[in-house]
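S.K.: Each protein sequence line maps, in turn, to chains X and D. For the first sequence, the positions run 0 to 177 when numbering that gives the first Met the number 0 is used. For the second sequence, the positions run 0 to 54 when numbering that gives the first Met the number 0 is used.
Any given hint might turn out to be false.
As the list claims (entries may be wrong) - Covered by chain D, according to a simulated footprint, are these stretches of chain X (three or more residues, beta-carbon under 8 Å):
| # | segment |
| --- | --- |
| 1 | 54-64 |
| 2 | 91-104 |
| 3 | 135-141 |
Stated by the list, open to error - Capping the alpha-carbon separation at 25 Å, the derived lysine to any residue pairs in SDA-like fashion look like this:
| # | chain 1 | residue 1 | chain 2 | residue 2 |
| --- | --- | --- | --- | --- |
| 4 | X | K55 | D | P5 |
| 5 | X | K113 | D | P5 |
| 6 | X | K116 | X | L64 |
Hints were generated in silico from the structure; no laboratory data involved. Just so we're clear, the structure is a prediction, and the values are computed from it rather than from any experiment. We treat Cβ as the ideally placed atom computed from N, Cα and C, and that holds for glycine.
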Amino acid sequence: MRSSLYLAQEMGARLGAREVLQRCLPTGQASVSPLTRHFLPRTSLASMGTDATLEKHLAAHPDVLEQLNLARDAAWSVTDNRLLGLCEQRIREILGVAESTQLANWYADASLSKAEKACLAFTEEYMIDVASLSDESAAAVRDELGDQAMVDFVSSLLVIEQRQRIALTWATVFGDTK
Amino acid sequence: MSARVPRVASGTYAAVPLRKPLGDWQAAVVRMSNLDPITTEIIRMRCAVYHDCKT
Numbered sequence: 000m001r002s003s004l005y006l007a008q009e010m011g012a013r014l015g016a017r018e019v020l021q022r023c024l025p026t027g028q029a030s031v032s033p034l035t036r037h038f039l040p041r042t043s044l045a046s047m048g049t050d051a052t053l054e055k056h057l058a059a060h061p062d063v064l065e066q067l068n069l070a071r072d073a074a075w076s077v078t079d080n081r082l083l084g085l086c087e088q089r090i091r092e093i094l095g096v097a098e099s100t101q102l103a104n105w106y107a108d109a110s111l112s113k114a115e116k117a118c119l120a121f122t123e124e125y126m127i128d129v130a131s132l133s134d135e136s137a138a139a140v141r142d143e144l145g146d147q148a149m150v151d152f153v154s155s156l157l158v159i160e161q162r163q164r165i166a167l168t169w170a171t172v173f174g175d176t177k
Numbered sequence: 000m001s002a003r004v005p006r007v008a009s010g011t012y013a014a015v016p017l018r019k020p021l022g023d024w025q026a027a028v029v030r031m032s033n034l035d036p037i038t039t040e041i042i043r044m045r046c047a048v049y050h051d052c053k054t
């Protein structure tokens with residue numbers, strides 16, 4: 000994620016800080032707290048698409064875009080696609096860019112496996128505060144997947160999560176291309 | 000601060016097909032040069048705190 004935050008700032012360097020802040024705030028919301036702002040409706044990233052957003056804003060940096068997409072492809076190649084897809088959906092729901100909230104009550108969904116629920120719980124903690132992710136949540140994933148698959152899963156989670164965050168940041172700051 | 004407990008076996012790394020592009024992507028980002036060094040360092044430190052990163 001360090002790279003994603005750095006990249007977001009790098010691309011934002013062409014704007015002043017005040018302008019960046021103003022673009023992030025919906026009209027009339029200039030005085031709300033950061034916490035309140037977090038739960039405000041987001042830009043229409045869902046309609047624009049993550050890939051299209053990244054391709055547009057990285058058009059002048061093809062080497063970066065290429066590596067970012069190679070990492071994406073690799074993430075999906077080393078991790079169970081259903082599992083990663085569920086976690087990607089939950090990430091988009093948490094960020095407010097999903098078209099639906101089908102996993103809002105995932106913990107009560109009997110159709111999900113124990114491994115999938117362990118990974119969804121992990122994903123939620125990862126999204127909210129990665130440094131505070133509990134040993135219990137990590138152990139639950141490891142118990143279900145094993146060491147190697149857990150490392151691959153977490154690395155893949157990083158890849159798909161940073162794509163969503165970068166695209167959301169750029170769509171918010173620079174606007175939609177629809 | 001309490002000592003960390005390893006969560007996976009020592010020596011377990013992401014599969015090569017994923018580890019390489021991740022490293023290459025991070026290197027490509029760092030090679031960008033629009034951002035001034037001071038802001039870059041502030042971001043690096045902020046990220047390290049956010050991630051509880053010890054490196």
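S.K.: Starting from the hint list further up, note which numbers the structure goes against and sort them upward.
M.R.: As far as the earlier hints go, 2, 4, 6 are violated by this structure, in ascending order.
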